[in-house]
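Undergrad: What follows is each chain in one-letter form.
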Amino acid sequence: MSYEYFMSMLIPMLEGAKATVLLFVIAIVSSIPLGFLLTLAVRSSIKPISYLAQTFIYVMRGTPLLLQLLFFVFGLPLLPVIGEYLVFDRFVAATIAFILNYSAYFAEIFRGGLLSIDKGQYEASQVLGLSKWQTTVRVILPQMFRVTLPPIANESVSLVKDTALLYAVAVPELLHYAQTVVNRDFTIIPFFIAAGIYLLIAFGLTVVFKYLERKLQYD
Amino acid sequence: MSFIEVRNLQKSFGPLEVLKDISFDVQKNDVMAIIGPSGSGKSTMLRSLIQLEQVGGGSIRVDGDYLVKDGIYTNPADSKTINSKMGMVFQQFNLFPHLTVKQNLELAPKLVKKEKAGDYGHRSIELLEKVGLASKADELPSRLSGGQKQRVAIARALMMDPDILLFDEPTSALDPQLTKEVLQVMRNLAEEHMTMIVVTHEMEFASNVANHVIFMDDGMIVESGTPDEVIKSPKEIRTKRFLNYELSK
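Line order of the protein sequences matches chains A and B.
Here UniProt numbering is used: the first residue of the first sequence is 1, the next is one more, and so on.
Here UniProt numbering is used: the first residue of the second sequence is 1, the next is one more, and so on.
Since the hints were made in silico from the structure, they are not lab data.
We put the CB at the ideal spot given by N, CA and C, even for glycine.
Just so you know, not all the hints are guaranteed correct.
Label-pair distances were calculated between CB atoms; the ranges are [what the hints assert, rightly or not]:
id, chain 1, residue 1, chain 2, residue 2, range
1, B, D138, A, S50, 37 to 43 Å
2, B, G118, A, F203, 44 to 50 Å
3, B, A134, A, I117, 27 to 33 Å
4, A, P151, B, G118, 54 to 60 Å
5, B, M220, A, N154, 50 to 56 Å
6, B, D138, A, L199, 28 to 34 Å
7, B, D175, A, Y51, 46 to 52 Å
8, B, S248, A, I117, 52 to 58 Å
9, A, D219, B, T74, 37 to 43 Å
Kindly generate the complete structure, drawing on both the sequences and the hints.
TA: Below you can see the structure in the form of C-alpha cells.
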C-alpha cells in the first residue's frame, strides 16, 4: 500500500475525527457543570424542582441515547405548532441530545460523590462560620471532585465512543468517513485506522485523568 | 451574669426524649466536664449549644444574648454572631482532608473574618507551635496521627478566637498514648483560663482539670458540682454505679 493511498484514507478520516472531538469537547464541558446543577436540583428542598430533576434523570438514563438522538434531530421539527422553530443544524441538535443525556449520568455520579462526604465536614464548616456557599465551594466540591474522578474518567471514555452514534443521524464524523472508504475501496483497513484514532483519544484521556487523580490525591 | 445560661432545655428525636429539662450555667474561665453513659444525651446537649442540633424547648443564652428563648430561635444573623463566640472540637476531628494543616487553620479566618494573609498567617504558625505541630504545617491531615489531627483541630478552633471551646469526646477515637498528648493541650488551655465544656469519659481529666462536673443520665442532669462532690463523693446511686463502672475499666 502506497503512502499516498494511505493518506487518501487518513485525511478525510481526520476531518471526521474533528467532528468527533468537537462533539466530545462541547459535550463534556457542558454536561459536567449541568450534571452538577442537576444534582443540586435533586437535593433541593423545593419539592417540584427535585421531582422534575429526578424525572429528567430517569428519562435520560432509562431510554436509549440513540432514541434521544433521533428524537432531537428528526423528531423535534415534527412537533405540532412549535416544531417549525425547532429545526436545528443536525450537529447542533445531536450535541444537545448528548449534553442532556450525559448530564443525567454525571448527575448520578455527583450524587454518589456527595453521599460519600462525611457529615462531619458540613458540621466543621458550620461551627467555623462558613456560609453554605463557602462550604460547598471550598470544602465539599474539592472532595467530591476527587472522589468522582474515576467514574468521570469512565464516562468520558464512553462519550468518545458514543460519538459514533452521530453516524445514525447522518452527521459526518470519524466512523462515517471510515465506512465511506470501506464501501468505496472494499478494504478493511479504514476500520483499523478508525479504531486506532478512538484508542488514541481514549489513551489521551486516560493519561489526563490519571494525572488529575495523582495531583488531587489527599488520602 | 453567667457566660452561658441553659434553662429547661428539651429535645426529642421522634418519640424519644433525649433531653429532659436541662438547666445549668457556665461562667467565664470555667472548665466544665460533662460525664455520663452513652446515650445519656450529653453530646446532643453540647451540640445544641452551637446549633448543630435544634432543641424543642427551653432557652440558651450566650454572653447575654438568647440563641433560643422558650424554644424559639433568634434570627439567622444574630444566631451566627452568637455561634461565632464558640468553637467546637469533634470526636472524629473533622479536619478538611484536601487542605494542608496550615490551610485548615486559615480557611475560616480568611473566608469568614476576611482577615489579611499577614494576620492569619502569623497566627496559624503561632497556634501550631502552641500545640507542638509547627513542623507539620504543610502536611496533609492524612499524614498525621489521630492525636496530631486532634491537636490541629483544636488549633483550628482557636484561630477564630472563640470565647468558649466545646469538646465532644475529643479523645474517644484515640489510644491512651495519643489521648495523653491531646489532654495535655487541653490542660494547657485550662491553665490559660480558656472557658471550656468537655464531654468526656476521661475521669482523670474531669477530676483534676475541670472545676465543675455534670453527670447526665437518660437526658437529665442527675448530679452537678465540683469534681470532689460529683466524682469523689457522689450522692446519687446512678452516679455511683456509673463511676464504679468507668473507674474499673
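Undergrad: Each hint should be assessed against the structure and marked as holding or not.
TA: Results for each hint:
A beta carbon spacing of about 42 Å between D138 (chain B) and S50 (chain A) agrees with the range 37 to 43 Å that was offered as a hint. Distance hint check: the CB atoms of G118 (chain B) and F203 (chain A) are about 47 Å apart, consistent with the given range 44 to 50 Å. Between A134 (chain B) and I117 (chain A), the C-beta spacing of about 29 Å keeps the proposed range 27 to 33 Å intact. Distance hint check: the CB atoms of P151 (chain A) and G118 (chain B) are about 42 Å apart, inconsistent with the given range 54 to 60 Å.
For M220 (chain B) and N154 (chain A), the hinted distance range of 50 to 56 Å is satisfied, since their beta carbons lie about 53 Å from each other. Between D138 (chain B) and L199 (chain A) the CB atoms are about 40 Å apart, so this pair departs from the stated range of 28 to 34 Å. Distance hint check for D175 (chain B) and Y51 (chain A): the Cβ-Cβ separation is about 48 Å, which falls inside the suggested range of 46 to 52 Å. A hinted range of 52 to 58 Å is violated for the C-beta pair S248 (chain B) and I117 (chain A), which are about 39 Å apart.
In this structure the hint that D219 (chain A) and T74 (chain B) lie 37 to 43 Å apart at CB holds, the actual value being about 39 Å.
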